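Asks: Following the hints, complete the assembly by docking chain B onto the known chain A.
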Amino acid sequence: MTIKQLSIFLENRSGRLAEVASVLGEAGINMTAFSIAENTDFGILRLIVSDPDKAMQILKEKHFGVNLSSVLCLRCPNVPGALSKALEIIKDNDMTIEYMYAFACGESANVIIRPDKLEECIKVLQAHKLELLAASDLYQL
Amino acid sequence: MMWNETMESMPLEELRKIQRIRLQKTVEKVYLNTPFYRKKLQEMGLEPGDIQSIDDIVKLPFTTKQDLRDNYPFDLFASPMSEIVRLHASSGTTGRPTVVGYSRKDLSIWSEAAARCITAYGGTKDDIFQVSYGYGLFTGGLGVHGGVEKIGGTVIPMSSGNTDKQIMLMRDFGATAIACTPSYALFLGEAIRDMNIPREQLRLRFGAFGAEPWTESMRKEIEDKLGIKAYDIYGLSEIIGPGVSYECECQNGSHINEDHFFPEILNPETLKPVKPGEQGELVFTTITKEGMPLLRYRTKDLCSLIYEKCDCGRTFTRMTRITGRSDDMLIIRGVNVFPSQVESVILEMAEFEPHYLLIVDRMNNLDTLQIQVETRPEYFSDEINKMLILKKKISHRLQSVLGISADVKLMEPRSLERSTGKAKRVIDNRKLD
Chain A
147 MTIKQLSIFL ENRSGRLAEV ASVLGEAGIN MTAFSIAENT DFGILRLIVS DPDKAMQILK
207 EKHFGVNLSS VLCLRCPNVP GALSKALEII KDNDMTIEYM YAFACGESAN VIIRPDKLEE
267 CIKVLQAHKL ELLAASDLYQ L
Chain B
166 MMWNETMESM PLEELRKIQR IRLQKTVEKV YLNTPFYRKK LQEMGLEPGD IQSIDDIVKL
226 PFTTKQDLRD NYPFDLFASP MSEIVRLHAS SGTTGRPTVV GYSRKDLSIW SEAAARCITA
286 YGGTKDDIFQ VSYGYGLFTG GLGVHGGVEK IGGTVIPMSS GNTDKQIMLM RDFGATAIAC
346 TPSYALFLGE AIRDMNIPRE QLRLRFGAFG AEPWTESMRK EIEDKLGIKA YDIYGLSEII
406 GPGVSYECEC QNGSHINEDH FFPEILNPET LKPVKPGEQG ELVFTTITKE GMPLLRYRTK
466 DLCSLIYEKC DCGRTFTRMT RITGRSDDML IIRGVNVFPS QVESVILEMA EFEPHYLLIV
526 DRMNNLDTLQ IQVETRPEYF SDEINKMLIL KKKISHRLQS VLGISADVKL MEPRSLERST
586 GKAKRVIDNR KLD
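Chains as they are written, first to last, in my numbering: chain A, 147 to 287; chain B, 166 to 598.
Don't read these hints as lab results, they were simulated from the structure. Just to be clear, a hint being listed does not mean it is correct.
To be verified - Only pairs whose alpha carbons sit at most 27 Å apart, straight line, appear in this in silico DSS-like list of lysine-lysine:
(1) B:K465 to B:K205
(2) B:K551 to A:K208
(3) B:K556 to A:K263
(4) B:K589 to A:K206
(5) B:K205 to B:K194
(6) A:K208 to B:K574
(7) A:K263 to B:K551
(8) B:K205 to B:K190
(9) A:K237 to B:K551
(10) B:K557 to A:K263
(11) B:K589 to A:K208
(12) B:K556 to A:K206
(13) A:K150 to B:K556
(14) B:K556 to A:K208
(15) B:K315 to B:K394
(16) B:K182 to B:K270
(17) A:K263 to A:K237
(18) B:K551 to A:K206
(19) A:K206 to B:K557
(20) B:K574 to A:K206
(21) B:K551 to A:K200
(22) A:K206 to B:K558
(23) B:K558 to A:K263
(24) B:K385 to B:K596
Stated by the list, open to error - If the Cβ cut is set under 10 Å, some of the chain B residues that face chain A in the computed set are:
(25) R541
(26) F545
(27) D547
(28) M576
(29) P578
Note that this is a predicted model, so its numbers are computed, not measured. All C-beta atoms in this analysis are idealised placements derived from N, C-alpha and C, irrespective of residue type, glycine included.
If we strip away everything but chain A, and leave its shape as in the complex, we get:
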């Protein structure tokens, strides 16, 4: 149930984000979700795409500072309070979240979560019958 996420290091330089989008677009790779973390002199773009291995290879060839990391994707109903249950479980099991970002898709909301202990977190959430998306499902969204 781990999901491959691309992270791309970006200098704060105008047009850099557009270049990532255009490289992926030309290669026929679709972006499912992304978020940007930034500070004063650089940013990190985190991306879920339709074909992470291919995207990684292409971006490397173009000399982007790119890496793959593992995250999980939680699917919860798109209603108030749905997320808090999952977060309570993570907290009660003494895990922390490094970062997370969300995207809504019709009736459901999807949350990408990077916990400090990934495998353990997946087990605990599944034990509580929370729905996690498999990589194959997510990449095709």
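Replies: Frame of chain A, contents of chain B only:
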């Protein structure tokens, strides 16, 4: 005004005679006490007796900063440690600063040299001198300090930094003179204005500025902003520290204390003397020092010498402003920085590619240093914190090696220029004219 009129205005013939005697003694001393020089002299087939006149100095071997590093820490000392009363050191490549040892007599030569400078600037025992050069291994602070005490003035041993307090004490203690880098003087000038301190509340009359290259236009700016007379003071720790040369009221070149430090100007390529008045590399031989006498030390500073007698009455040779370096050394906030130091840090850290770029600039009259480095692909993280930790790690390492803080900028792969020839490692945007 002269501190030591006998020496400073000595007829040249007499001066040359004293220099010859002192040079002979120095060569004899290093021949007997410094294996490094004995070996060099023997290899060249020279003996102390071969030095018959001051002109014979051209026969002697050179000394370079690398020789100081190779003989780290004390192998160039010509006196036993029991005679060494102080050590100073300048920043060097990783782990190897250049060390200088002073005997008690060396310290008294140094304060004499600095006293001549301060007196030439119009300083007297009635002056209250704020010494805003760094104190410590750096020679700036303690060098000027010794000169002020020698003439009987009052020292405020302020050291560098802490601008608000500098200004408060300058006002409250009634400082009449200041010593610091010229860029810090400009910074102080603006800070005083920003703090809305009326000029009448300050008693400042003059300042001694050095440790980094500066220009006539900077002098005007300092004089305008601080409302003082600004004088140049030159020195380098290898020779003694601040006080090697100084401007007089004529401000047409700096008089070299050549009864202690004998100057030559050489073509940096051929290492032969240039014609009088031509520009070249400044080379010094210390002719009175005991702790660590140096023969023909190559400063790598470019300037020329003026041998004509000065209107002030001093006969000491003058050197013009330093116009550049014959190596790649940068002077940033008064600290000597070599690109190779940055390289040594990057090479020892697996997280970075062996490419870097130093960008030097001057903002609000303070030197800034940005160091661009490329992270190796496998060390890019999805977490901002890990990248910031990496940045902090290299920043700390650079600061400990360079002796000044730098703004490190992590760059994307391949964003720094690769070149097949000599790579461009430095962009210096400071304007010095």
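Asks: Check the structure against each numbered hint from earlier and tell me which ones fail, lowest number first.
Replies: No numbers; nothing is violated.
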